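Protein chains: 4
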Amino acid sequence: MNQPSQEQIIKFCHDNIITDTLEMEVVPTNDGGIRLELAVAEKHTNLHSTAHGGVLTTMIDTAMGAACMARNKRVVTVSMTIDFMHAVPINTRIMTDAKILHDGRETVTCECCIVDCEGKIYAKGLAVFFVIGDFV
Amino acid sequence: MNQPSQEQIIKFCHDNIITDTLEMEVVPTNDGGIRLELAVAEKHTNLHSTAHGGVLTTMIDTAMGAACMARNKRVVTVSMTIDFMHAVPINTRIMTDAKILHDGRETVTCECCIVDCEGKIYAKGLAVFFVIGDFV
Amino acid sequence: MNQPSQEQIIKFCHDNIITDTLEMEVVPTNDGGIRLELAVAEKHTNLHSTAHGGVLTTMIDTAMGAACMARNKRVVTVSMTIDFMHAVPINTRIMTDAKILHDGRETVTCECCIVDCEGKIYAKGLAVFFVIGDFV
Amino acid sequence: MNQPSQEQIIKFCHDNIITDTLEMEVVPTNDGGIRLELAVAEKHTNLHSTAHGGVLTTMIDTAMGAACMARNKRVVTVSMTIDFMHAVPINTRIMTDAKILHDGRETVTCECCIVDCEGKIYAKGLAVFFVIGDFV
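First to last, the protein sequences are chains A, B, C and D. Per our numbering: the first sequence = residues -9 to 126. Per our numbering: the second sequence = residues -9 to 126. Per our numbering: the third sequence = residues -9 to 126. Per our numbering: the fourth sequence = residues -9 to 126.
The reader is advised that the hints may include incorrect statements.
Put simply, identical chains are the same to the list, so a pair is met inside one copy or across any two.
[Said to hold, decoys possible] Listed below are the simulated DSSO-like cross-link pairs for lysine-lysine, each with C-alpha atoms no more than 27 Å apart in a straight line:
no.	residue 1	residue 2
1	K89	K110
2	K1	K89
3	K1	K33
The set of hints was computed from the structure by calculation and includes no laboratory data. Computed from a prediction, not measured in an experiment: that's the story for all the values here.
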């Protein structure tokens, strides 16, 4: 089965220009995929001076999309739910942990947590993607 | 009942620093509230060169928070769902249309569409907020 | 365009056998569609002696499916979110109010409120359906 | 810490009268909690003759509530999202697998899969509950 290389997945992630706009890091993982990491800075904050929910959602959406890429699926997000459990203070380094639950021909279902390096879960997303084609 | 002025709501919106990071405009509305507007640019895009879902979510989350502010409620987002209906091409001007469905003592339920100036709906969010205090 | 008659939509609703199991009524509406109505009884309750969330979800899911039928679309539910705003006491008569937000070739996005006869909103659902074919 | 016994949790589950209306079984688990099991019958079906989404949601909501009970928390559901991955055919025996992600003072976040005895995932729910008091 054709499949993008880890280098291609990293490149595809940066093709989401918002990734660079928000200074998210695309970090290769041992399973051949990637995770997103972010050191929360002032530019990412809401009025409580913690990471804005939209920033966490951007990370989750992009990391899930990358998980679909790793299955060679080009997708668009159809529906996404995020439950927020803890505020993420400035200067915290957070990362994504995405997992595919259902890899269907027409739809893919994913989940993704936002965690810190100690595994504390700040938010969890559940989403459905519509498959529009292959990557390679 | 004490209530923030429109000027205070606009200021509170900008206290979400992500609003300025992403160059969202806070526009006063006739009902004393605000809406967010965005001219989608390259910096906001995903790999399909359309607005990233995280950007739309940031607009929706912030506009809903502002709707809560207008009721003098300081809130945190607990759960948010976004259904994406159409991709938003670069250079499209989009705006939020938020509405409070339930204004409870402990929780507030909101919905918010992302529309263009002709009323086309690109995405719709439904969210629950937890009330943590007053604004003024 | 071929389209099911109101009689066919009513019949299709009852083909969801759960509708009868839970004694939901399928009521024709003036626009040629249907709504579901339920007089909440003990059999529908949770441990707070109010309507169980699963019962409200069953109503919402079925009413949305009927709204898709009225567009001649045979669908399966892909993702559904329900926000619960008020508990529904026993003996309350509730009904659905479903609306299609996006009628796409491959997916349909719907919203649906659970209201009483005075229009009080108890719950609201937002859902995405995958189109699997025509009805007639 | 006070905590309901497994017998009390089982009893509380049946206090959700819908559990018995739909003939769901409350099965004790080794960790002192419970899971719900259902042999899908005609009475549970949608027009595709598979388990209706509302039935799966009822199982998920109840199993999550039981997981909160096991932490001695009396809760109401605030927001629930269900992603449906596979249709559940008649005569399939399905069961819940609920897990608490965040056990907060005011809110609890849970996830719950619907699986069969081979671990195949048919649906997954993510939900937020509001804490209204203790059980014992």
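ask   = When no copy is specified for K1 and K89, does a C-alpha distance of 27 Å or less occur within a copy, between copies, both, or neither?
value = within (20 Å within a copy, 35 Å between copies)
Copy assignment of K89 with K110, given that the CA separation must stay at most 27 Å = both (17 Å within a copy, 15 Å between copies)
ask   = Given a CA cutoff of 27 Å, do K1 and K33 count as a within-copy pair, a between-copy pair, both, or neither?
value = both (24 Å within a copy, 16 Å between copies)
Violation of the numbered hints given earlier is absent; every hint is satisfied by the structure.
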